[in-house]
Amino acid sequence: MNLEEKYAFSTIRAMSADIKAKRVSPVDLVEMFLQRIERYDSQLNAFITVAPELARAQAKQAETEIRAGHYRGPLHGVPWGVKDIYDTKGIRTTWGSPIYKDRVPDRDSTVVARLTSAGAVLMGKLATGEFAGGAIHLQGQVHNPWKLDRTSSGSSCGPGAATAGGLVTFSMGTETSGSIMGPSGSCGLTGLVPTYGRVSRYGVMSLSWSLDKCGPLCRTADDVALVLSAVAGPDENDPTCRKAPFTFSGFKGNVKGMKLGVVRNEFYPAERAGTKDLFDAALTKLTELGVHMEDVELDPQYPYQEILNLTDYCEASSAFEDIIRANRFDECAQKGRMNNWAAGLAVPAADYFRAQRIRAMVVQYTKTLFAKYDALVAPNNTAPAGPIQNDNGGTRGVRVGGGTPEGPPRHLANMCNISALSYVSTRCGFKDDLPIGIKFVGPSFGEMKVLELAHAWEKATTWNARNAQYAA
Amino acid sequence: MTSRRTFARTIAGAAAAAPLATQQPGKPLSIDDSDLDLKMIDIPMSEDRQRQVKASLAAIAKDIHTLRAFELRRDSEPATSLGVFDATR
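Read top to bottom, the protein sequences are chains W and U.
89 is the number that this note's numbering gives to position 86 of the first sequence; each next residue is one higher, with no gaps.
1157 is the number that this note's numbering gives to position 52 of the second sequence; each next residue is one higher, with no gaps.
Okay, chain W solo, but in the shape it has when bound (with noise of 0.2 Å):
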């Protein structure tokens, strides 16, 4: 087996013993890397800006350290990638967007430091959705590597892609409204959503304050909760940030006992997706693995679609007014990406703000269901990835392209992404040859609960074997 072989698609853990050891140099592997991206990303355009002297330049002084006995932890010489809207010094970081193409930080974001920090090698800036949105950037559409006519799905569009591709071995993604889940699950990887508060945002752009947060998309609930620790903790730079470092020391490897509220109505769309029979499957092993499961309906009084758009056009529209206000809609890789915002202008700050009354009762609710269950379980995604389409960034009112078809409600995501819940999405099978996806979610700083049943799925089942092989 040649370095390739072993390696494109390899799990952090595995990867970094063979560092440790020094079975495998950090060189060679980002090496190798390289000419993975300069072979592949062209099928899959999940990079914006490539960044070879600096990967190198980290490898080297990766190799260096090891060499001399100086081993900094499981990401030491590990490659990985950031989603454009984290802030790279010297790097150009553009949002996504041509009008920032130019953009250069004068400073790195806190969690680029901290994996810097803790060795891992930087490959470069992979895709985001114009404005952390969508799946449109500045240099065109991110394909999927399972088939390359598929979405990656959005924002976090160019880390779905790159990490399930093979050419970096872990990414930082973002989510506001269901940019780490959508790709995850499109692209068949374990992303986390932790709690809002739990990952430093400073240097990172920001599109809706009160909703971004930043999490990893990995190949394994185990390379998760790695890179979840060298990432998590308290940031004088970002006051949002809470004292709350995740720390791992590995998993119990038993969930016997815990106790899962089953969102019954999230399943359904799953009969007319044709992945009915994947979700049962999975609810009978979660059973033999020893959880308790009840179904639970959460409480259909609550507005939790309309709390999020609210939320989120009001927030951009305050952290974008410029640009909306000097009419560059059109120089938008989506054209229609900032429609949403201009109308967000006009919304009186007594609607804002009864959005965020609600959203506390909201938040008080889930405080109720988590007294009851250790986590909730509900599909990620009940279809696979979609055919790539024009889309126009989402705007309201308009039908749009993307691939995801119409479900009911989506109550859960909208109730994880304004409740700052922690939630995980893992593989659970595949429809026509892509990933389908389940998700555990927890409640706030419950990352430790949702990923060790993430673990315990991976390890009882055998779908994260397969990887995708576009280049075939």
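Derived from the structure by calculation, the hints contain no laboratory data.
Check the hints yourself; a few may be wrong.
[What the hints assert, rightly or not] Here are some chain U residues pointing at chain W (derived, C-beta under 8 Å): (1) 1149; (2) 1152; (3) 1165; (4) 1172; (5) 1175.
Note that the structure is predicted; figures quoted are calculated from it, not measured.
Note that beta-carbon positions come from the ideal geometry of N, C-alpha and C, so glycine has one too.
Put chain U on the given structure of chain W with help from the hints.
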């Protein structure tokens, strides 16, 4: 500023136009795009752009309508204001 206030009243008026008392949260509200007048907004836009922003505005008006229909009791709310997440800590 006058233009912006007028625009705000436009959306507020659209959202409030329907009989809120008889609406159930989550039920769709029909708003005619032609009721939404963008001429007061300060941003010059093409006709096509106006059509798109109107569509956004109509959709947001429905959201506002639904939120207004949600019964809020001032004497029984959890922590709010800027501390929306205080309730989680």
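Hint by hint, here is what the structure shows:
1. 1149: Hint holds; residue 1149 of chain U Cβ to chain W Cβ min 6 Å, cut 8 Å.
2. 1152: Result: violated, 13 Å to nearest chain W Cβ.
3. 1165: This hint holds: residue 1165 of chain U lies near chain W, its Cβ roughly 5 Å from the closest one there, short of 8 Å.
4. 1172: Result: holds, 5 Å to nearest chain W Cβ.
5. 1175: Holds. Min distance 6 Å.
Of the numbered hints given earlier, the model fails hint 2 alone.
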